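Peer 1: Could you use the hints to bring the two separately framed chains together as a complex?
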Amino acid sequence: MFRSALRLRSSRVLLVRGLGTRRGGSTLDWDEKVSDIKKKIGSILPGETWAPLYDTRHLPPEHSDVVIVGGGVLGLSVAFWLKKLQKKRDGIRVLVVERDHTYSKASTVLSVGGIRQQFSLPENVQLSLFSVNFLRNINEYLAVVDSPPLDLQFNPSGYLLLASEQGAANLENNVKMQRQEGAKVGLMSPQQLQNKFPWMNVKGVALASYGMEDEGWFDPWSLLQGLRRKVQSMGVLFCQGEVTRFTTSSNSMVTSSGEEVVLKRIYEVHVKMNNSLEYQPVECAIVINAAGAWSGQIAELAGIGKGPPGTLKGTKLPVEPRKRYVYVWHCPQGPGLEMPFVADTNGVYFRREGLGNNYLGGLSPTEEEEPDPINLDVDHDFFQDKVWPHLGRRVPAFQSLKVQNAWAGYYDYNTFDQNGVVGPHPLVVNMYFATGFSGHGLQHAPAVGRAVAEMVLEGHFQTIDMSPFLFSRFHLGEKVQEDNIF
Amino acid sequence: MLKIILPTILLAPTMWYSKKSLMWVNTSIHSFIISLIVLLSLYHAEDSNLIFSPTFFSDPLSTPLLILTAWLLPLMIMASQNHLKKESLVRKKLYILMLISLQLFLIMTFSASELILFYILFEATLIPTLIIITRWGNQTERLNAGLYFLFYTLIGSLPLLVVLVYIQTSTGSLNFITSLYQSNILPLTWTNNMLWLACMMAFMVKMPLYGLHLWLPKAHVEAPIAGSMVLAAILLKLGGYGMMRITTLLHPITSTMSYPFILLSLWGMIMTSSVCLRQTDLKSLIAYSSVSHMALVIVAIMIQTPWSFMGATALMVAHGLTSSMLFCLANTNYERIHSRTMILARGLQSILPLMTTWWVLASLTNLALPPSINLIGELFIIVSTFSWSNVTIVLMGLNMLITALYSLYMLISTQRGKFTYHLININPTHTRENTLMMLHIFPLILLSINPKIILGQLY
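Residue numbers (this note's numbering), protein chains in the order written: chain U, -18 to 467; chain F, -15 to 443.
So that you can see chain F by itself, here it is in the shape it has in the complex (with noise of 0.2 Å):
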């Protein structure tokens, strides 16, 4: 792990170091190289466990959301590139710096082994993303969004601390590795009900469950490109991922326990799908479309069945790509017109077509068509929660409706139709901008080929 950890610190002195003119190009190369090393290292993980130390080891859960961080870090370099264009050289450095100052915390939450180094590092990963939200995000509302998305987290993940003191005391270790080999049953009292509230609140409110999302839409909307970026790919992952090591520490309450949960998030999956038919601006609009599919995602998780399991982890990874790579073409919208309103910037098919392209295929990921993952993380799960309760059937029926509605809706108004009369001078598409879609769909194609690697522990 330190292989790859160590070179994640060392990207700080590179690019700060950098000269001026290197500095994109030093930071940009050197976490590709980084992620190919995730890739390689970690790829023989999907049999077996990888026990680097006693701290850090890897499984088939965290390796795909392992690779997804690493590969999400030149790709947000790359998309904020123009935006920082105008500020000077110590700004710049010192939003880069941020940006890897989070991916070293997310490595190494997902890496983590024991849990009160995994609570450490998550509560550590809020403090850049709270820096990039508040100083470099766009608007007055950007303060208030980043009061939000502290404050709710915070607030959920206090009571995970005290729980992970309490498991600690009581059973000696929070291993991951050496807990699959505790067999302890939590008896049904009113304190484990409490503690198992405790365990799942903190991941709750990050997943994001429909009734503590506030913060979302605010965050996501407020946030620069690379914010966004991370927080829809990585940050809202660390929830579900968080969930499912925790559950093994919880049963047998969780078959009771979780019930309004799976209520709340089947409910909340449709309303916040039928919200973004009525947004009109594009990026609360994918944040709300993150929402409604992290919904899923808890639903499974709180299942707990096989199938259950790999179409939430599937599910994770396929939207990180999707979402993000969402949210860098509203941000080329935003860019060229300096107004993320739907209604200003339509037509778009006709002045640049290759743009079009990636909105199609981002778009068609994002309905979950067949046979990219995003299909296959949602069948396993609807799959899953029709053996639970046969009436879900009729609510994922539902919401993968009105999902095909709104990613339509958001592919038609934005690409269809005449174009706006201010668009006739915007700038053609930067090389920079195509490769960052590409490297976007890339990897959601590839997979779809071999989706066999996303597909987790329980494959």
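Pulled out of the complex, with its shape left as it was, chain U reads as follows (with noise of 0.2 Å):
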């Protein structure tokens, strides 16, 4: 009787609220303003971060030892060696710095996940021996307290590379430098390819060359996530942003020779958070740039390549992205489980995809047909022309099959030999790169991590020699040329 008295009056005036009444959407909320109060107070707590001013718990630290710019497996796998080679707990402190953390266009995702050591360098045969060792024992490398061990799906079905008459003596010596070098890698005649695959058409193989262990497929997404997982619980932080920005200071300094110089310095990156021109200047003493197929823009943001051509002021880094295509088709009649990662004699490459007659494979474009990596739109057509020519002639069950799907993913291509960077910059002393593998650097992300950590807590490469991927042989003109590229 009250209660609606007190309605009845005060209808023309204000709404009262009724007495001990409590309306849900109204207008005073006084439960979540009690909780943000509680959450100020709780951050104004000692422990908690505190900015007087507004919320910074997204934008990245003030300060950080390591910036990696890119948050690949190559980034990842940096942060992670330098973590474990760290002499002292907390030694260093990480930041990786990731633009896209759904990792859309990395190349990490797209990429077919092949591994093998069958490569023209020793250097690039070391690297794969130790990372599928790396791979094998993923689960004493990157266990993490509490979580359920990683399954890699490593598929060990080894691979497989066709020549024909002119590349045969190529191969052939490849082989003989991998056996050395400690790969399980053995020639075959087109006689024993006919025994041992009867799917396959040998015309116009000379000879074929086949990894019989430690060689296969495996998921990288998997990896990815074993990785960013274990490297969070070793204390790297993530940030989700973009580089803008090298602040950088210089020396000018006198060479022994009596030529002058000028020596750069990174000391602050900025890190624009995406979709918003906020931005956050991380002081730094190293920079690793791991960013993939940026990394040729993130290079020139340090001022790499500008200068006048010829000198080593004016060497660019030679990094640029490629568009690659892999198509997925259904093929009932095919090869079937006793299948390897094929390669034939002109670059086409396919390979079994999971247990339900499904194969993947592509074939990497002349430099005549290389389509524009604006984006990753796929080019059906080139399927068609390209590819399942020389798939129905290899392989004659392959004339019937059905495309189920397709993607494109960007090859961090190295113009200049096809092989990565490794190494800090002659000039900017304090920029490493881990970049430029050209569509290997998957398989060699954990050696590569370890390289590229030794270099900066040691100063030289300890277990790997990786001096000939410095950046210095762009400017030297010392190619180190891989041959075995698809």
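If you are wondering where the hints come from, they were derived from the structure by calculation, not from laboratory data. All figures in this text were calculated on a predicted structure; none of them were measured in a lab. Heads up, a few of these hints could be off.
Said to hold, decoys possible - Here are some chain F residues pointing at chain U (derived, C-beta under 10 Å):
{"no.": "1", "residue": "Gln123"}
{"no.": "2", "residue": "Thr124"}
{"no.": "3", "residue": "Met241"}
{"no.": "4", "residue": "Arg262"}
{"no.": "5", "residue": "Gln263"}
{"no.": "6", "residue": "Ile321"}
{"no.": "7", "residue": "Ser323"}
{"no.": "8", "residue": "Ala329"}
{"no.": "9", "residue": "Arg330"}
{"no.": "10", "residue": "Lys402"}
{"no.": "11", "residue": "Thr404"}
{"no.": "12", "residue": "Tyr405"}
{"no.": "13", "residue": "His406"}
{"no.": "14", "residue": "Leu407"}
{"no.": "15", "residue": "Ile408"}
{"no.": "16", "residue": "Ile410"}
We put the CB at the ideal spot given by N, CA and C, even for glycine.
Peer 2: Structure (structure tokens):
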């Protein structure tokens, strides 16, 4: 009665809250305000992050010893080894800056996931050998307390490289070198090939090399997630943002031969948040460029390549994105389980995908036919015109197949010699590279990560000598050409 | 005393109204002149007290600390020059104003003869330090560090205010000069135990005592160089100085109540030294080494023998100079590579050999190498604690060993070995930095020749 009297009287004036009633959607909203106040007090207490003016939890810290630009498998591998090889706990503070946390355009997750030791350079073979050892023992390296073990779905089915008459001598030399390094690779004649793989048409094949152990393919997404989990448990900070600027300080010095060089050092990295103008300058001592297909842009930000061409100052980082297509097809009469990762004489590659008669493969286009890397749209005509004829010729069962799926990914293509760039830049003294692997970065990631971490922490490469891969070779013109690129 | 206080107050307008090009020069030179005035006018206080007025006086205990305070201001100003380069002129002036006001409060604190005045200025020194740490520190954690610093000290010192007012009303005066002639013996009651605790906690937090030292690594690491220097060199000694003054009023409770604090300090001394061996951050290592040295001073003051008081005063002055010098050295590293992590700056001897000389001298004095005054302080303290209890010799010996270990570890990991690749383009040592180091080590070496001026009242 009292309440109804109030309501009647107050209906003309103001809406008065009834005694003891609480309407949901009330204008005062006490609950939310109280929890806001509690959150504010909680953030002021010692031990919590507190910024008096605005919330900065999404921003990276103001200071980090090492900033790794790029959160793909190479960047995370460097972070992992930096934390693993530090001699004291919390010895070095690492921040990984990744622009896209969904990894929608990253080369790592769009990769076919193969790993092989069949390279033409001994260093590449050693890198692959260490990496496959890492992958086989992944749960000892990447174990995190209370987390389930990783399953990389490693299919050790081996690689089969086919060579025609012209390439046979090269293949034989390569295999000899690989066996010397310790890879288990064997040569096969066309007759042996036909006996082992009856589904193959061996016309035009003069020699083949077959990797008998430690070669195959695995799931790169699991490796990435495993690395992320482990690296976060080791104390590496992650930040979602884009690197927009490097603040550098320069020193002009004179070499022993009297020549003047300007050595730069990056002391601040501006990390810009996505979809906003907000940026955070992160003070750093070392920057690691592991940005994959975009490494060239990052290098330009640091001023690498800004100078008269032909000099060391004017030598750009020759890494650019190249688009590569991968097609998945279904073929019930196909080769089945007994099928390695086949790389044909003309560069067409294909492998089994899963257990449902699906296969995937592709072909690297020639220089003239390079697609525009501006987006990741797939050209299906490329499959029709360039890939399928070769597939049908090599494996007769593939003459009738149905394309299920296709995607495109970027290679961080090194236009100089298609091999990675590892190590510090001679002029920008605290920028280290771990990029440019042109399609075989994923399989070398653990070993390259360790090499870069050794370079940062010790000052020289300790386990695998990667000095042929330093930046200075671009200026000196010393190519370390890798032939077996698909 | 006014001839010291007025020039310090007037340093502020001198700095504020200087031309931009002369600001640093003016402040440095004038603060040098003030430090020379302090040196000369207080020098003859070694045998007797100098009673300037009912409010200010200086005796052989406060004189070395006053000289240290005045000496440190030009050094702080020189050390801050580089990292303030990029700030606007008003910010630079504000920073130096904070330093000058801190200097003023500190000079007045050390020369105060009334305990309430001492308390007011003791609290007043917190404000400029807090502003320096939270505004000009380098990282986000500085806000947290400032909070810890402020609240630890405030909470510790609030009971002190209550007790001081109580003593004032019950005995009528809190003046040091007259309290020396009072012979009030505090009876051993629970209330008086609380009184003792209330008096001592403020200074224990400031020293810091091992269990209450949490603010120190944070504040030292996050503060800019001048903040670190003044914190390590002077503000910690405020605690020691206050304890020495107030124990004259607290006889004879100290002999029973001090027992747990002596044990805590002895244990803490070894614990913090051991923590230093595992540090990866250079400034953090030096901060923990400060805690370790100050634990020695707490032990000395608590056992209250003539030798220990001499050791405590000597160690306070020596540690002030050494710690401040180590922080300046760590700052030279930081300004070059923008990181305080030890593994990123190694092998500096090949690149900056003169800086190595300063590193060597600072590390050697830090580990109390004879004949430096650090050794005199530590040795007096070790001898007096041995007479207090024979067992402490084991702990003290262990502490000296671990101190030597971490000082040498710091020296070798930053100076020796192959240098990291990205050090090839660091700037050579500036003259300003060399001057700074020399002005730190010069008094240390001179005092080794005549240490009796820092041995305090009981020499």
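Peer 1: Does each hint fit the structure? Answer for all of them.
Peer 2: We went through each hint and held it up to the structure:
1. Gln123: holds (5 Å)
2. Thr124: holds (5 Å)
3. Met241: At 29 Å from the nearest chain U Cβ, F/Met241 fails the 10 Å test, so the hint is violated.
4. Arg262: Nearest chain U Cβ about 6 Å off; hint holds.
5. Gln263: F/Gln263 check passes; min Cβ-Cβ to chain U is 8 Å, inside 10 Å.
6. Ile321: holds (5 Å)
7. Ser323: With a closest approach of 4 Å, the F/Ser323 hint holds.
8. Ala329: holds (8 Å)
9. Arg330: Nearest chain U Cβ about 8 Å off; hint holds.
10. Lys402: holds (6 Å)
11. Thr404: Given a least distance of 5 Å, the restraint on F/Thr404 holds.
12. Tyr405: holds (5 Å)
13. His406: Since chain U brings a Cβ to about 4 Å from F/His406, closer than 10 Å, the hint holds.
14. Leu407: holds (8 Å)
15. Ile408: Constraint on F/Ile408 satisfied, holds at 6 Å.
16. Ile410: holds (8 Å)
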